[in-house]
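Using the hints provided, position chains W and L relative to the given structure of chain A.
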Amino acid sequence: MQNSEYVVEMRGIDKIYPNGIAANQGVDFLVKKGEIHALMGENGAGKSTLMKMLFGMEQPTNGEIFINGEKVALTSPTVAIAHGIGMVHQHFMLVPSLTVAENVVLGMEPRKGKLFVDFSKAIALTEEYSKKFNLEVDPNAKVMDIPVGMKQKVEILKALVRGAKILILDEPTAVLTTQETVELFRELIHLKEQGYTIIFISHKLKEIKEITDRMTILRGGRSMGVYNTADTTEQEISRLMVGRDVILTVQKDQAQPTEPVLQVKDLEFTNDWNRKMLNKVSFTVRKGEILGIAGVEGNGQRELVDILYNFAKPDAGSVSVGGKSTLGLHQDKLRDMGISLIPEDRMIYGIADSASIEENVISDRFDKKQFNNGPLFNMKAIHAESERLVAEYQVLCKSPQQQVKMLSGGNIQKVVVAREFSSDPVLIIADQPTRGIDVGATEFIRKKLVELSRAGAAVLLVSADLNEVIELSDSLVVFHGGEIVAYFEDTKKMDEMEMGEYMLGLKRQSPEEVRRVVHEK
Amino acid sequence: MSNILSSILTTSFAASIIRIMVPILFAALAASITEKAGVVNIGLEGTMSLCALIAVTCAWKSGSTLVGVLGAMALGILLSLMIGFFAFKFKTDIILCGIAVNTLGEGGAVLLLYLLTGSKGDTQTVMGAWSLPRVTVPLLSKIPVIGEIFFTNQSILTYVAFLCVLLVWILLYKTPLGIRIRAVGENDHAADSVGVGVYKIKYTSLILCGILCGMAGAYMSMSYMTMFSKGMIAGRGFIALAAQAMGRGEPVGVMLSSLLFGFAQALANYVKGTNLPARLVEALPYVVTILGITIYAISTFNKTRKIRARKEKKEQKKAAA
Amino acid sequence: MKSKSLRLFGYVRGAAALLVAFLVALVLIFLSSDEPLVALRYMLLGPAASWSKICRVLAYMIPITFTGLATCIMFSANQFNLAGEGCISAGGFVGALVAIYCPMPTVIHQIVCILAGALIGGLIMLIPGFLKTRWGVSEMVVSLMLNYIILDVTMQFLTQNFADRSQGATMTFPYKSSAIIPKIFAGEQVSYGILIAIAMAVLCWFFLYRTKWGYAIRMVGINKEFSQYSGIKVGAIVILCQVVGGILAGMGGVVTQLGYFQQYRWTALTGYGWDGITLAILAANNPIFIPIAAFFVAWLQYGCELMNTWTTVPVEMMDLISVVIFLFFAADQFLSGFRQKLVVRETKKELAEKAAQQSKKGGEAHV
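Sequence lines, in order, name chains A, W and L. So in the numbering used here, spot 69 of the first sequence is number 151, and the numbers just go up one at a time. So in the numbering used here, spot 258 of the second sequence is number 306, and the numbers just go up one at a time. So in the numbering used here, spot 5 of the third sequence is number 1404, and the numbers just go up one at a time.
Honestly, the hints are just simulated from the structure, not real lab data. Treat the hints with care, as some may be off.
As the list claims (entries may be wrong) - Heads up, simulated SDA-like pairs for lysine to any residue below, C-alpha to C-alpha not over 25 Å straight-line:
#	chain 1	residue 1	chain 2	residue 2
1	A	K286	A	G302
2	L	K1623	A	D354
3	L	K1623	A	E467
4	A	K213	A	F201
5	L	K1611	A	F453
6	L	K1623	W	D141
7	A	K487	L	G1630
8	L	K1632	A	E467
9	L	K1611	A	G420
10	W	K137	L	F1421
11	A	K196	W	I125
12	A	K247	A	D227
13	A	K224	W	Y344
14	A	K224	W	K168
15	L	K1623	A	N353
16	A	K224	W	E234
17	W	K139	L	A1415
18	W	K222	A	S179
19	W	K278	L	S1565
20	A	K487	A	D449
21	W	K248	A	R193
22	A	K395	L	K1632
23	A	K395	A	G405
24	W	K222	A	A206
25	A	K194	W	G245
26	A	K247	A	Q172
27	A	K196	W	Y221
28	A	K358	A	Q333
29	W	K168	L	G1567
30	A	K224	W	D141
31	L	K1611	A	S505
32	L	K1611	A	F201
33	W	K320	L	M1570
34	W	K137	L	V1411
35	A	K395	L	G1630
36	L	K1632	A	S505
37	L	K1623	A	S438
38	W	K222	A	E209
In isolation and in its complexed conformation, chain A is listed as follows (with noise of 0.2 Å):
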C-alpha cells in the first residue's frame, strides 16, 4: 500500500508516440487529497497528454499510476470515471440542443416506468448537485444558449454526478470572463472544502497564485520539479515554465531591414463567442527582416494569421502589403501580390494528402503561362519544377509523382514549404512552420528562411516554440491577451527570463515602447 496521502501518484511516466516523438519523458505527478493542484507549463510542455492518461484517454508507454493507493490500468474514461476521476476538458463535450439538465444526465438518465425520461428527477439531480456545490446553472435552459461561464459548470457538475472526486480542469479559464472566473474560483475552494481534490491544468501565474495550494511545472516533456505555491514568486515560476534547455543556434547575418512590406494597423477582431481576441494591433515587418511573434496559443495570435490571409474578416483596422491593402481579397489575388503562408494546420491546409508531391507544390502556379501550353498543362515544365523544388528542398520520397501522405510528417512540411517559398514572394508567413517535425527538417527550413529573408524577402514568423522564435527572429514582438505587450528590436539583446514574463502577462511596455514596431516615417 502506498502513501495514501497521495489521492493521485503517477510515477516514472514516459509517453512515446509512434513517431518517435517523446510527450512526456520520466514524469511524477503527485496530488494530495484535498488540495488544488496546479499542473503548468507552455504548449508542448506534455501537461495534456498527462492528463489524457489520466483520464485514460491515452495509455502510457511506461510508468505506473495509483489511484488512492491502489494501482490501476487506466484503458478508456468510462475506467477513469469509475474509479472517481472526471475531466472538464478545454472543448466543452455538451449537446446544444440540450437542456442543461438532459447533458448533465445523458447516458444515466432517470427513467418514468421504463420509457420515458423523468425530467422533474433529472432537474431535481442538477439543482440538488447544483446548490450542493454552488455551481449556479439553470436546468432548463439549453446549453446552445448559456453563457461559457455556465457551460462549464454544466461540464463540472457532469463529472460531480458521476460520482468523480478528482477532478481535472483543461485550461477553464481560457474561456472566461473575469466575473465568471472569479465566480469558478469560489467554487473550486467550495469543493475542496468539502473533501474533492482538483488538478488544475494552466499558464495563468495570476490565477494558479490565486487559488493553487501546490503546483507541478512540465517543461519539454519533463517534470521540473513541484513546489508550494505560496513559496515561489512569479518570476521564479516563470522562469521554470519559460526556458530553453538547449539552445539551438542558427547562423544569420546581421539583418538589415529596409522599407516596410506588411502593415498591419489598428487590427480589431471579436470570435463568434464574443471575446475580443485582437485589440488594436499594430505592427509592420520591414524588407530584410524576421519579425518573430511570440506567445502562448491562445492570445491571438491564430486570428491574426488567419485575417492576414483573408480566411475571416477583421472587425476594424487595415492591412496592406506594399501598400496595397489585402482585406477582402481572393487567395489567388494574395498569392499574385507575393505574399505566402506556410500554415498551422499543414494536413488541412497545406495539403492535398491523396495528391502527388508534383500536383501539391504547383497548387499555387499551375494556370501560370510557363506551365501550361493552350489549353493543355505543359507536362515536361511540370516535371522539371517538381524535380527541382523536390531536389533543392531535399524531399525524401521515392518520386514526384508519390502520394503526399505517405512521406513523414518532415517531408510533408518541406513540400509546403517548397511550394511558398520558390514562389519569390515579398512577404513570408511563417504559422509554427516547424512545429511536430524532425530535428533534419527543422533545421533545413530554418536554414532556408533565413536565406529568403537575407535576399530581400520580409518573414512574420508565429511560434510557440521559443527556442525558435528568439533565435530566428531578427525582432520579435510579444502577443498577450490580444495585444502586443512587448517589442524587442534586437533578439539578441533581449533578457530572455524577462521575456517569459511578457508572455504571461506580468510585465508589459509602455504603448511608446511597443509602438516602435510599427517604424513610422
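What follows is chains W and L alone, placed relative to chain A:
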C-alpha cells in the same frame, strides 16, 4: 381558371392532399430520425419500393393486410441495417449506399415481382387487390369540413402516420433513446465521453427509419393503390428528403413540409383534366421541392448573418455604455 | 504513386468485389431458373455468340460511356450531382429536334445537333451548380428533382408539339438522314458514335489530368480548404464540373439518338445516369477506364437480356449485380484486415530504407 379554383376549394381536394402526403410524411419522419442521429440515409426511395412489394406479397400469402404491413416493416429494417453495415463497417460512402438501395429498389423490385408473379407490371393479376381497412371515425367525422377531410374514409395508416408525428416527437424529446440519438447526431464525442455507444444508437435510428419506410411502402401498395406496380414510388422518397430538410428534422415541421408537397401533387392531379399542359403540371411537385429547399437554404444563410449582426450590435452597445 | 503491392491490393480487392457480385447473381439465377447453368452461359458468354451481338454490346456502351464520363468529372470534385439521367434525355431531345427540323448538310448537321444537346445539358446543370455555390443547397436533391422535371417537360413538348400523330406510339417525326450517325458495319447496331464516345473518354482524361481546370476540379474534390488557400476559386469550380457533366451527358443523349434511333421515343427515364455512377465507381473516377468499364457493364447488361430472352431469369438481374458492385467496390474497409497487414509491412520496409539513408547522411535516425 375559376374552374380549377372551385375544384380546389372542396373538401374532397383537401382529403386528397391528406391521402397523398401520407407516404411522404412516413418517409420524411424516417429520414428525420436518422438525420438526428447524424446518419444520412438517401435510400428511402428504394426502401419504399421494395417494402411496397413485400407488403402486398405478405398480405397475399397470409390473407391479412396486417401481416403485409408487418412484413414491410421487417424488410424496411433489413434494408436500413444493410446501409448502416456497409457505411459503418466497410466504410462505403453512405451516399453511395443509399444510391445502391435505390437501384436495388428499382430493378430488384421488378426482379422480385417477376419471381413472385411472373409479371413485370404489377401484382394485380396474381395477387389480387389488397386494401388496408378504411376508417371513418364515428363522432369526429360529423364535424363540418374538418370531419370530412380528416376523419372520413381515410386509410387506417393515415391515422397511424399522424400519430407517428406525435410518437416521433415523444421519442426524440421525452425518451432516453431520443436524447441519446440527438446527442450522437450533434456531438458524438460528448455522447462517447459519457459511455453512450455511438454506433449502437446509429443502428437503432436506422431500425426506426426502416419501420417507418416500411409503413410508407405498405401504404403505397395497399391504400394509395391496391397493388404494387413498377415505378409506383415515382420520386416520393426523394421528395421526403426535401421535406425533412425543410422541416429541419422536427416532426411538426416535417409534417408541414409534407403537407406542402402533398398539396403540390394534389394540385397537379386535379389540374390534369383541364386545359393546362398536363405533363408540365405533373412537374409541379418537383419544382416546388427545389423552390422549397432553396428558400430554406437562403433563410439559413441569412440567419447566420443575422446572428453575427446581432452580436455586433451588442458589442457596440456595450462599448457605448 | 502508391507502392506496387498496395496498388496490386487495390486490384485484388476490386476482383473480390466482382466475385461477390457474381456469387450473388449465381444464387438468384439458381432461384429463378430451372436451367441455371444455361442461364449463366447466356449471361456470361451470350454476347460473344456472334459478331452482331458484339456490335450490340458496343452500341449499348455509347450512352453509358457519356454518363460515366459526366459522373467521373462531377464526383472528382465531390459533387454528388445525379442529374446525368435527366440531362441525357434533355440533350437527346433537343438534339433530336435539330435533327428533325433544321436541314443542313451532313456532318455539319450532326455537329450542330451534338452541340445543341451539349449546350442544353450544360445550361441545366447551372441550376444545381449555382444553388450549391451560392446558398449551399444540396445538389443531390436538386439534381434528383430536375430529372423528373426534365422528363415532364420533354414529354410535354413531345406529346403536344412534336409528336408524329400518324404513329401508333409516342414519337417524333423521323430524323433527317443528314443528321443520322451512320453505322460502322452495315446491318450491325453500332454506329460511329462509339468512336465519338471513346474519343470523349480520351479528351476527358486530358481534361481531368492535363489541364488546369481538371486539376482544379480534382484538388477541390480532395481538399476544399487547401484549394482555396492555394488560390483556386472553389465556387466557380463547383459550378464548372457540373456544367461539364451536363455537357457530356447531353452530348451522350444526342449521339445515342442519332446513332441508334430513327425518331425520339424515350418516354421514360432511361436509367443510363445510374449506370454512369456504377461506371464511375468501377473506373475510380478515371475517364480512361470508363470505356473498359462500359464494355464490361454493357456486356453484362446484354448478357442479362439474352438470359432473359432464352430462360426465365429476369433482366433486372443486372441491377442487382450493379448494386453489389457498388457496395463492395466502393467499400474502403472491405478486406481491410489484409490491407492493414500490407500497410504494416510496407511501412516497416520504408522505415528500414529511410534509416539506412539517414545513417548514411548522419544525424538522428527519425522513426
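Against the structure, the hints:
1. Using a Cα cut-off of 25 Å, the hinted pair K286 (chain A) and G302 (chain A) holds, with the two alpha carbons roughly 18 Å apart.
2. Between K1623 (chain L) and D354 (chain A) the alpha-carbon distance is near 23 Å, which keeps this suggested pair within the 25 Å criterion.
3. The straight-line distance between the Cα atoms of K1623 (chain L) and E467 (chain A) is roughly 24 Å, inside the 25 Å bound, and the hint therefore holds.
4. Of the pairs offered as hints, the one joining K213 (chain A) and F201 (chain A) holds, with about 18 Å between alpha carbons and a cut-off of 25 Å not exceeded.
5. Using a Cα cut-off of 25 Å, the hinted pair K1611 (chain L) and F453 (chain A) holds, with the two alpha carbons roughly 9 Å apart.
6. Simply put, K1623 (chain L) and D141 (chain W) have alpha-carbon atoms about 18 Å apart, close enough for the 25 Å limit, and the pair holds.
7. With a C-alpha separation of about 21 Å, the suggested pair K487 (chain A) and G1630 (chain L) falls inside the 25 Å cut-off, and the hint holds.
8. As the CA atoms of K1632 (chain L) and E467 (chain A) are separated by approximately 23 Å, the hinted pair is consistent with the 25 Å bound.
9. For the hint linking K1611 (chain L) to G420 (chain A), the alpha-carbon distance of about 21 Å falls within 25 Å, and the restraint holds.
10. Distance check on the hinted pair: K137 (chain W) and F1421 (chain L) sit about 22 Å apart at the alpha-carbon level, within 25 Å; holds.
11. The hinted pair formed by K196 (chain A) and I125 (chain W) meets the criterion: a straight-line CA distance of about 24 Å does not exceed 25 Å.
12. About 29 Å separates the Cα atoms of K247 (chain A) and D227 (chain A), which puts this hinted pair outside 25 Å; it is violated.
13. At roughly 24 Å between alpha-carbon atoms, K224 (chain A) and Y344 (chain W) fall within 25 Å of each other, so this suggested pair holds.
14. Using a Cα cut-off of 25 Å, the hinted pair K224 (chain A) and K168 (chain W) is violated, with the two alpha carbons roughly 54 Å apart.
15. Our distance criterion of 25 Å between C-alpha atoms is met by K1623 (chain L) and N353 (chain A), whose separation comes to about 23 Å.
16. Using a Cα cut-off of 25 Å, the hinted pair K224 (chain A) and E234 (chain W) holds, with the two alpha carbons roughly 13 Å apart.
17. At roughly 16 Å between alpha-carbon atoms, K139 (chain W) and A1415 (chain L) fall within 25 Å of each other, so this suggested pair holds.
18. Of the supplied pair hints, the one linking K222 (chain W) and S179 (chain A) holds, its CA atoms being roughly 14 Å apart against a limit of 25 Å.
19. For the proposed pair K278 (chain W) and S1565 (chain L), the alpha carbon gap of about 29 Å is over 25 Å, so the pair is violated.
20. As the CA atoms of K487 (chain A) and D449 (chain A) are separated by approximately 24 Å, the hinted pair is consistent with the 25 Å bound.
21. With a C-alpha separation of about 20 Å, the suggested pairing of K248 (chain W) with R193 (chain A) holds against the 25 Å cut-off.
22. Among the hinted pairs, K395 (chain A) with K1632 (chain L) is consistent with the structure: their alpha-carbon atoms are about 18 Å apart, no more than 25 Å.
23. Restraint check for K395 (chain A) and G405 (chain A): satisfied, since their Cα atoms lie roughly 19 Å apart, inside the 25 Å limit.
24. Between K222 (chain W) and A206 (chain A) the alpha-carbon distance is near 17 Å, which keeps this suggested pair within the 25 Å criterion.
25. Between K194 (chain A) and G245 (chain W) the alpha-carbon distance is near 22 Å, which keeps this suggested pair within the 25 Å criterion.
26. Only pairs whose Cα atoms come within 25 Å are accepted, and K247 (chain A) paired with Q172 (chain A) is accepted, the gap being roughly 19 Å.
27. Using a Cα cut-off of 25 Å, the hinted pair K196 (chain A) and Y221 (chain W) holds, with the two alpha carbons roughly 15 Å apart.
28. The hinted pair formed by K358 (chain A) and Q333 (chain A) fails the criterion: a straight-line CA distance of about 38 Å is larger than 25 Å.
29. Annotation: proposed proximity of K168 (chain W) to G1567 (chain L) holds, straight-line Cα distance about 22 Å (limit 25 Å).
30. For the proposed pair K224 (chain A) and D141 (chain W), the alpha carbon gap of about 33 Å is over 25 Å, so the pair is violated.
31. Restraint check for K1611 (chain L) and S505 (chain A): satisfied, since their Cα atoms lie roughly 18 Å apart, inside the 25 Å limit.
32. Taking the CA atoms of K1611 (chain L) and F201 (chain A), the gap is about 59 Å. The hint is violated against a cut of 25 Å.
33. Distance hint between K320 (chain W) and M1570 (chain L) is fulfilled; the C-alpha atoms sit about 21 Å from each other, no more than 25 Å.
34. Restraint check for K137 (chain W) and V1411 (chain L): the C-alpha separation of about 19 Å stays at or below 25 Å, so the hint holds.
35. Restraint check: the Cα-Cα separation between K395 (chain A) and G1630 (chain L) comes to about 17 Å, which is no more than 25 Å; the hinted pair holds.
36. Distance restraint check for K1632 (chain L) and S505 (chain A): the Cα-Cα separation of roughly 19 Å lies within the 25 Å cut-off, and the hinted pair is therefore satisfied.
37. Of the pairs offered as hints, the one joining K1623 (chain L) and S438 (chain A) holds, with about 16 Å between alpha carbons and a cut-off of 25 Å not exceeded.
38. Of the supplied pair hints, the one linking K222 (chain W) and E209 (chain A) holds, its CA atoms being roughly 20 Å apart against a limit of 25 Å.
Comparing the model with each earlier hint shows violations of hints 12, 14, 19, 28, 30 and 32; every other hint is respected.
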